[in-house]
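Asker: Here is how the chains run, residue by residue.
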Amino acid sequence: MSAYRLDGMGRVNRGAPVNFTFDGKSYQGFAGDSLASALLANGVSLFGRSFKYHRPRGLLGAGAEEPNALVSVDRGGGRYTPNLRAPAVELYEGLNARSQNRWPSLQTDFGSINDRLGRFFPAGFYNKTFMWPRSFWEKLYEPSIRRMAGLGDAPTEADPDTYSACYAYCDVLIVGAGPAGIDAALEACAARKHVILIDENDELGGGALADPALAAWLETSLRDLANAPNVTLLRRTTALGYYHDNFIGAVERLTDHLAQPGHGAREQLWRIRAGEVVLAQGAIERPLVFEGNDVPGVMLASAARTYLFRFGVAVGRNVAVMAVHDSGWKDALAMAKAGVRIAAIIDLRETVAAALVDEAKALGIRTELGSAVIGVAGRQAVKGIEVSRADGSMRQKLACDAVLMAGGWTPSVHLWSHSLGKLAWSDDWGAYLPDVPNENCRCVGACGGKWSFGSGLNIGALPSPRDPATFKAFVDFQNDVTAKDIALAVREGMKSVEHIKRYTTNGMATDQGKTSNLNALQLASSALDRPVQAIGLTTFRPPYTPQTFGALAGHAKDALFQPVRKTGIDPWAEEHGAVFELVAQWRRARYFPKAGEDMHAAVNRECLAVREGVGIFDASTLGKIEVVGPDAAEFLNRMYTNPWKQLEPGRCRYGLLLREDGFITDDGVSARMAPDRFHLTTTTGGAARVLNMMEDYLQTEWPDLNVWLTSTTEQYAVIALQGPKARDVIAPLVAGIDLSPEAFPHMAVREGTICGVPTRLFRVSFTGELGFEINVPAAYGRHVWEAVWAAGQAHGITPYGTETMHVLRAEKGFIIVGQDTDGTVTPFDAGLDWAVGKKKPDFVGKRSMARPDIVASGRKQLVGLLTDDPSVVLEEGAQIVLDPNQPVPMKMVGHVTSSYWSATLGRSIAMALVAGGFDRMGETIYVPMPGKTLTAKVVKPMFYDAEGSRLNG
Amino acid sequence: MILIHCPYCDETLPELEFAYAGEAHIARPLDPSGLSDEDWERYLFIRANPRGRHNERWRHVHGCGRFFNAVRDTVTDKFELTYKAGEPRK
Amino acid sequence: MTRFSAMSLFAKALGNHKTWPELWPDAQPKASYDAIIVGAGGHGLGAAYYLAKKYGITNVAVIEKGWLGGGNTGRNTTIVRSNYLYDESAHLYDHAVKLWDGLSQDLNFNVMYSKRGVMMLAHNVHDVQSFQRHIHANRLNGVDNEWLTPEQAKEYCPPLSIDPGARHPVLGAALQRRGGTARHDSVAWGYARAASALGVDIIQNCAVTGIRRGANGAIEGVETTRGFIASKKVGVSAAGNTSVVMQMAGLDFPLESYPLQALVSEPIKPVFPCVVMSNTVHAYISQSDKGELVIGAGTDQYVSYSQRGALHIVEHTLAAICEIFPMFRRMRMLRNWGGIVDVTPDRSPILGKTPVPGLYVNCGWGTGGFKATPGAGDLLAYTMARDEPHWINAPFNLDRFRNGRLIDEAAAAAVAH
Amino acid sequence: MVDAALRTAPVPADPAVYDGVTITLGTPLERRSLRARDAKALGKLLGRKLPEQIGRSSEDVLCLGPDEWLLRAPAGTAVPDGAGLPLALVDISERALTLVLEGPRAIDVLQAGCPRDLRKLTVGEGRRTVFEGVEIVLLRTGEDRFEVDVWRSFASWLHLALTTAASHLR
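Residue numbers (the numbering used here), protein chains in the order written: chain Z, 1 to 953; chain G, 954 to 1043; chain R, 1044 to 1460; chain P, 1461 to 1630.
Be careful, since some hints might not be right.
To be verified - Cβ-Cβ distance ranges computed for the label pairs, FRET-style:
| id | chain 1 | residue 1 | chain 2 | residue 2 | range |
| --- | --- | --- | --- | --- | --- |
| 1 | Z | 190 | P | 1540 | 41 to 51 angstroms |
| 2 | Z | 742 | P | 1602 | 55 to 65 angstroms |
| 3 | Z | 919 | G | 976 | 32 to 42 angstroms |
| 4 | Z | 187 | P | 1540 | 58 to 68 angstroms |
| 5 | G | 976 | R | 1322 | 49 to 59 angstroms |
| 6 | R | 1271 | Z | 351 | 28 to 38 angstroms |
| 7 | Z | 651 | P | 1482 | 33 to 43 angstroms |
| 8 | G | 984 | P | 1602 | 52 to 62 angstroms |
| 9 | G | 975 | Z | 649 | 34 to 44 angstroms |
Just so you know, these hints were derived from the structure itself, not from any lab.
Glycine included, every Cβ here is placed at the ideal spot set by N, Cα and C.
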């Protein structure tokens, strides 16, 4: 039993010792300890180093507000977390914690040289220097500034843990399970409401945990709530933010406190929608600003109280109390009665409630009214203090090993502010209190200002006989913001609280100003000689305390990050060695290499196989929309650029779709299955966009039309069979369809069966060869594919992927929307004017094509390119110029959109968008590449079978 | 994540079921070809973008699928009301 | 103006920093100015600075409804780059990048411009094609942008996962080495200090309530919460609030304002040497000189001025970040905030004259305005001084929405089909 | 009718069993998208009484929207195609497949990723909604039994998401 752990006090389990290490040294605490309480109990007062000056620091608080005692915890195997607050780290067997931001050790930190030179590093110093010589900035100044910054070390391994998430609904959400929150929960529970009560600590009870008088009440209340079916209690759960319409995000920590994390989720994100939100987050005590207020051993009085009554740990053997608020006295008296020696209670106030003073005297405690601490002896631990009267007279030294600060209380209105609830300044509290709500929300207990800690003074800093510009009195402990920094910011013209915050970084540390914002406001207020209310308040931002990326990402990890859509035939492609590419949400077979083949070789082989025999291709990802109803043709006529009303049932047509701004957004071949039924196809990536666009026009602009749209993309597997032997392959498998060219010409569709499965058989081609697209119900896709595959063996059937499809279509000059067009290309630019209905009075996008710049000459137009050296394959995206000898920046006239080696033609081919391209046929253009300039001739984008005889074979 | 009342489902539901669809009551001209470039630009691109009361369209895309109209305050993000497509501006 | 230097810092330190002057005096509005800039963000303050410095117009006021630098300047992820596709965009943003270089010395205020390199990840074949097109175009425009293999990308940014089995594997990256980041507040403060040193009045807490036009329709001045201020030239640089201000002049604009969120992690020791952007998974990230990971999230889907974003946007952004940088999954979000971005139909800015004589506008920067700060300021100043656009910003006029000459970078990067 | 043995599905046929919930691939169904302004006419054609309120179901038909219904009938059920009538019937039997969640914790597994308040979904009701961004049609067929129709290519992802959520149950 260490001298700091008092017998019979606190809630820790003395029967369950827990071993842990801090900076490699072994210690023992008890189950129920926090890392902070356990180290205190072992007489450790030095916990960390500050951000800028590397000053030795101990505990300031006992909870979420802690700015100083930040540690790294490494559980091994990638389970490493920096910047954890020691009071918030639950002790477990084998816990391995390290201090941060020090080298070589916490006790001896070379970085503390910054402290000695501190006067040369005032707020904003970096703006004023490091500018000369200019070259030093990148090489020397910036890297060293960055090396100094940061707290804990960065993680180096991937996180092995998983995270979970859920949505939850309740009538009443209560945040904070202190006495006020518990009362609210009991009340809502009795009213048969569905209640969720959350608290960030491992034990519910809040302040009651440090108040033995409430122990019995707490036990029965929690038992009642735990037994109520309509109440959900969430411990170790932090409400991180308050969003629109009573939506609260919270993170529950599930395994960080366990010696063995196990396999379950580490944390769970709760996305809670509440009918009413009750905020019971309590209040945080304010430190006092005086020279030496950051020496390890100087802490909040309320924290000392918590360590004593909750953990049974005395923060010192001879404790001085510096108060400007009654609550400091109450804490001191309670601790004295519990056996802690109180060296003195110093209070800036000349008069303090007689009852408090009398009780102090009765307990033999020395009191110094109208006085203030003006200095602290000791660097890594408190050895004593210097005290003087407010006017600086009667300076005297006092021995003590801890100093407690009681500067008044700041209600935790963070979530209230997230919800855009209004705040009002309270002189009683010296803080902002909840005023008008913006959501169905109320604050109870201390965070609503409905709790009395007694009265006190509101001051920025304690008076000192020394010149405030000559010493460091800390306001933001972690970021090393001192009172003189605030004064300097004001001196340099920072008058808005946001400027002061950003200039000094006050309130921007990992505690987000929980203990510093109000003191900074008071200091700014006196420096500006304006009331605090006139200076404003920095906005509270989520999260309330830092939360892991993992928890916020929820389930979305690895395979669950985003769906990869696969067709029913995809497994076959995988079994047959396909190399895949990702297109929109889908993965598609790109090519099917044989042993030893690279993509080039495989694609060449696949291309020739289609041209000379037959190839099989999984086209299932193509978007499909079934358009049904008496006005189906009329609707398509309004949407697409070309006419649809005259299309015969059983026939197909290429459809071109524009955005209203006149640019191509999608295309595809569509079939009229019946007078009132069309089977549309869209691009793979465009399916959802096109359906949404069509629904928009139908519902919003033409609600009178009797036509309905249904996505059938996933209803059908689509097997493209392309090549001169395609008909021979399917002939034996198809029933109910006359496949003869006369009965079933190019751009026709028929219904029948294929290997017993009902099919919509399209005779279409994206390759320029005789081709079919076999649509069958998706569940039978793989069966039919394999049947066709088997039947095709005799004909040397070859599976091919998207790359070969791209080459084959390019040989025919067929465009791919999004590759040969880029959202700024009109049908005329793309040479698709044949697909625009000249006689149609209107269609989506028509009017935009009449705008001045769209009809102007010199627009980029889609042409073919043939390199002078047929073996040279241009790079897709390569830029085109007319004068290769001009200086940079060059005048570019276009770029290569598609470029391939054509095995069929034995040379390279390319398509390009070129300014005025249609008028440049036969001209030579130049493609400047690093180190060389390539030349090519402009040609029509049609490289193979221009007359289309093969299509109609 | 805001809550949105679908006037067709008559349910108030999370935003994740809905898709925003821009300013409301910008009807496509009956005869676009008859419009001047200025008028066509106004239809295509000019938006009120008010700081305050905004007539806007939403689609209950992962629900009943209907487009509908709403009046929402763009400063508070609170809905004043939602109403069915085709109903006059409110 | 007290010149900033190590020496002056040393000297002032010996005096306990008691004699530093104000960075910029808080001016009271005069009755009239030769030019007024509405909006004291980096763009507006920059315009005032260049009006005074380069174009000799020093009788200038910058009026701001809140505190200077309090809009998107102080809320963005501070990325600077110029590797845009179209000539117009490349010239516009590279003009800015050239000014970024040496801005600290020019302003005698260290804006912490860090040429860390901006790396854009390609996750699929279409990304690769699109980036190659960018790189070729940039090369011929004299803008640096180079292709990296996945291995080179990881070497440049070690936390990057190039696992080929990832949902969005990294197939390569486009790197602009001159790109990087700067300290956003410092940019606003640096311009404010330098501008007021040249005689510019910086007037905070002064909201524009109206725009006064004369019988001939030309600008006569602005009504504000602190009275009427006369000027024949008014430049509006009000980001998300542009539509509102323009309507005061009777102009409807092709703009919509959306909430955009960003967030930072807790500070850690240096681990992230550059800026990484991924359009496919919608995330961008860098590490600030304070050690925080600075992460840009997406916009909410609806028009809003609330500066308040939704949680699910943050969920998606962090899921994406953890997917590309699995080692950051245990890192913790420290602060998350929202801004208002004004977006044009082609997602390119509007910078130039308006139909109202004497009224100029700089808006529509969407999510990418910070990188253009010095350039936009300079070009707005040029356009106001000469009453005609500089050739660089001439294409970014209002007319393009009528005549169809849009500059649509996003469409050019259209999703693969 | 085609031999069901020739079918393939992207999720395992074996039930995934967890403490409190079992997740199973549902049997094939005859699915139709039914669209019409006039529910009566459509009902007459089908010989079924169509529910008129969104979310309600009767006789294998679920009302999804003001002019939209979803027929989920035993595989092989004959359905007319409504040719020539002012309505639309589209065969979507194979567009989606069904995942069945059964057990007292089924609702918790679904609530892991579905943002709706599922306590309000009463037995016999169904809705189109989302699970972490993936669209589903969710039907409550019993106090502790739900059926989820999801498009084929999203099924394996959803199955993994649901089984992962089930494995995280506490």
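Asker: Under the constraints set out in the numbered hints, which ones does this structure not fulfil?
Answerer: 1, 5, 6 and 7
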